Amino acid sequence: MLKILLAGQGGQGVLSAGRFLAACGLHEGKEVSYLPAYGPEMRGGTANCSVIVSEKPIASPLCTVPDVLIAMNAPSFHKFAPRVASGGIILVNGSLSDCYAGRDDVRVYDIAANDLAIEAGDIRSANMILAGALCELTKVVQERSFINCLNEQFVGKPHVCEVNKRAFAAGVAAVKEKDA
Amino acid sequence: MSKILLHGTEAICEGALRNGCRAFFGYPITPQNEVPEYMSVKMPQLGGVFVQAESEVAAINMVYGAAGAGVRAMTSSSSPGVSLKQEGISYVACARIPCVIVNVMRAGPGLGGIQPAQGDYFQATKGGGHGDYHLIVLAPSSVQEACDFTYKAFDLSDKYRVPAMILADGMIGQLMEPVELPPMRSLSDIPKKEWATDGRFGEKRRILNSLLIEPDVLEPHVNELAATYEEIKRNEARCERYKTEDAEIVLTAYGTVARICKSAADKLREQGVKAGCIRPVTVFPFPEEAYAAVAAQPSVKAFLDVELSLGQMVEDVRLAVAGKKPVRFYGRTGGNVPSEEEIVQQALRVLAEEKRI
Amino acid sequence: MKVFEKTKMLTDVHMHYCPGCTHGIVHRIVAESIEELGLEQKCIGIAPVGCAVFAYNYFNCDMQEAAHGRAPAVATGIKRCLPDRTVFVYQGDGDLASIGMAETVHAAARGEKFTVIFINNSIYGMTGGQMAPTTLVGQKATTCQSGRDPAVNGYPIRMCELLATLDAPYYIERVSTQDVKHVLAAKKAIKKALKFQSEGRGYTFIEVLVSCPTNWHMKPVDALHFMAEECTKTFPLGVYRDKSAEEGKEHA
Chain A
1 MLKILLAGQG GQGVLSAGRF LAACGLHEGK EVSYLPAYGP EMRGGTANCS VIVSEKPIAS
61 PLCTVPDVLI AMNAPSFHKF APRVASGGII LVNGSLSDCY AGRDDVRVYD IAANDLAIEA
121 GDIRSANMIL AGALCELTKV VQERSFINCL NEQFVGKPHV CEVNKRAFAA GVAAVKEKDA
Chain B
1001 MSKILLHGTE AICEGALRNG CRAFFGYPIT PQNEVPEYMS VKMPQLGGVF VQAESEVAAI
1061 NMVYGAAGAG VRAMTSSSSP GVSLKQEGIS YVACARIPCV IVNVMRAGPG LGGIQPAQGD
1121 YFQATKGGGH GDYHLIVLAP SSVQEACDFT YKAFDLSDKY RVPAMILADG MIGQLMEPVE
1181 LPPMRSLSDI PKKEWATDGR FGEKRRILNS LLIEPDVLEP HVNELAATYE EIKRNEARCE
1241 RYKTEDAEIV LTAYGTVARI CKSAADKLRE QGVKAGCIRP VTVFPFPEEA YAAVAAQPSV
1301 KAFLDVELSL GQMVEDVRLA VAGKKPVRFY GRTGGNVPSE EEIVQQALRV LAEEKRI
Chain C
2001 MKVFEKTKML TDVHMHYCPG CTHGIVHRIV AESIEELGLE QKCIGIAPVG CAVFAYNYFN
2061 CDMQEAAHGR APAVATGIKR CLPDRTVFVY QGDGDLASIG MAETVHAAAR GEKFTVIFIN
2121 NSIYGMTGGQ MAPTTLVGQK ATTCQSGRDP AVNGYPIRMC ELLATLDAPY YIERVSTQDV
2181 KHVLAAKKAI KKALKFQSEG RGYTFIEVLV SCPTNWHMKP VDALHFMAEE CTKTFPLGVY
2241 RDKSAEEGKE HA
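Taken in order, these protein sequences are the chains called A, B and C. Sequence positions in the first sequence follow our numbering and run 1 to 180. Sequence positions in the second sequence follow our numbering and run 1001 to 1357. Sequence positions in the third sequence follow our numbering and run 2001 to 2252.
These are computed hints drawn from the structure, not numbers from a lab. These numbers were taken from a predicted model, which means no experiment stands behind them. Don't be surprised by glycine CBs; every beta carbon is placed ideally from N, CA and C. One or more of the hints may lead you astray.
What the hints assert, rightly or not - Residues from chain C shown here face chain B by an in silico Cβ test under 10 Å; the list is partial:
no., residue
1, Gly-2020
2, Cys-2043
3, Asn-2057
4, Asn-2060
5, Met-2063
6, Gly-2069
7, Arg-2070
8, Pro-2072
9, Thr-2076
10, Arg-2080
11, Arg-2085
12, Ala-2107
13, Arg-2158
Full structure from sequences and hints, please.
See below:
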């Protein structure tokens, strides 16, 4: 079971990335849950959602102590970094945040998601950069499932699909580079 | 059939539509706006009726009319809106008009907040409006159950001619999970309602009414309702048990909170504490016998009731446990949800206190 | 030779209305209109809370009894689900213009295709003569015992005029039961409204001025004179909307 907390600013694609990860898990026949935080945050403030992908049935859908944090900006990085489980992983968008978590029992990956997304062709694909990094690090879903789901979701928008595929690949590469 | 990823609100709609619901009336309120939005698209596709009512009061009365005319009808709202509907709910209960009311609970009292809560348990299970009546109340804890229970609610409501309620907390509304949808039921498969005022009365006209002004007419009617509630208690009480067989501490909760309790029970077992869970699926009728049976187990030292309220269901738990074992309470309010770690701590505290005694 | 026959659309139950009240007349002309239009086997009525609360005992068709003021919402539910039936609501002034104002205005604004029979007797009859939203300025009631004072109680609400500001309503008319001539005109209006409904035209609203000798503390005949002379000053009779006439003009 992997508990993932995705956080960032409204408009950064935090919720859509979370939903997409859940869809990928379901594509592989796994148990999944997706729980967005809602409220005034929905209107342009901070956004976050909890995604669980599991081999076994999921009891609590909450990620109060996530295994992985994907932080797309500095406020969400600093807000949620202390909650990550010991031994967990933090993927932080280095284009918009520092990477000092103040603890040494988690692995922090500093990935310049916005810059990589621009290179991939669209800044809006920053969420897919970090999703690619997540998949490479945790194998929560296979790359093949991810690509299949992208093809399915953007069936009428081949250009958007290609951008997202490039972003995913760039995320995978970024992690490999750091771990090398 | 393969599973699809759905929001709790969408699952509620699909459960309704697939069991013949062809009329929906609602008014916007967070956190259930996805229900009327979804219905406004789907209902016309199925030849059904969708009306955005001018108020929750109007919406429940539109349900009264439509369901009274024999159509499976539903309304949905969240706590403050359900308070507004109580007048109409009392009327449909007395006139014995089957229908389904959805409450995606948010924090109260008053305008309260928009985050998940369970503060409407008393209102849902003890009547809610004026007079002696009950609803059949189902409390889903997953998106699959949100679909299945809504589907089932229409059959139960028709069977007993008692309105049914889906009592969901705000988390069910927002949660997305895989769902296996039931097949679309044919309308011709749904039993015809001879009592319905559809205008085609032939020999004997029908009246749907909640005014029985003669005491000697009203009293038998109320007694008849009470007899139906007793029948429902005998036939329809449902609950789910999780690892209670050898449990020393039994966590109890309904809705999504019950799932957090399950995770907490697993965590407690990792620490060597034998924990289990019991969850009412129907909160009216409350599954008293199942609770009594668990309470009678020698292994059980105490119950810990967890709610997103100041303690409402705990009263039914205490009545069912009937003093056999201590029943302790832990609640969060205001829209806050307890974490499994919090529940673990509370359970350990309760056990420590029991052992000291 | 048969000169008169009671309409089949009324039951044989004795009505509970006070002597001199013209509610019974309105029941009869509504029932006769339904029968004359051949709508008996496709008709659903909705009774209100107020003096006409027992209307479900009198109209010989399927009936629903609504909560106070909610009849237009109930009718919306029925008519939307069964659009080929004839649905009528029968409401008094407290029910329609006070507690049920929202339901009334919104059903009209949506253009719900049912018929509203609005009984305006400018008083709360059933509960014993309290001030109504239609109580005339200066008229006495148990909650304004020196007479309605605009400074304290505001002014009466004119429903036909109010609803005529909306785009959707198809037909709106105010009629009276003050004498035979007016009763016949009232029947004509009600029949016209039900006919428009059966043709699927739109929202139809007939306001009927009715006397309340009991709570006006008048003899029945005096009450009829009061209706003719005083009530019609505040509530002028006439057609406030008739889209069929407008459509006719367009065609001409």
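Evaluated hints:
no., hint, verdict
1, Gly-2020, "violated, 23 Å"
2, Cys-2043, "holds, 6 Å"
3, Asn-2057, "holds, 8 Å"
4, Asn-2060, "holds, 6 Å"
5, Met-2063, "holds, 5 Å"
6, Gly-2069, "holds, 9 Å"
7, Arg-2070, "holds, 4 Å"
8, Pro-2072, "holds, 8 Å"
9, Thr-2076, "holds, 5 Å"
10, Arg-2080, "holds, 4 Å"
11, Arg-2085, "holds, 4 Å"
12, Ala-2107, "holds, 8 Å"
13, Arg-2158, "violated, 21 Å"
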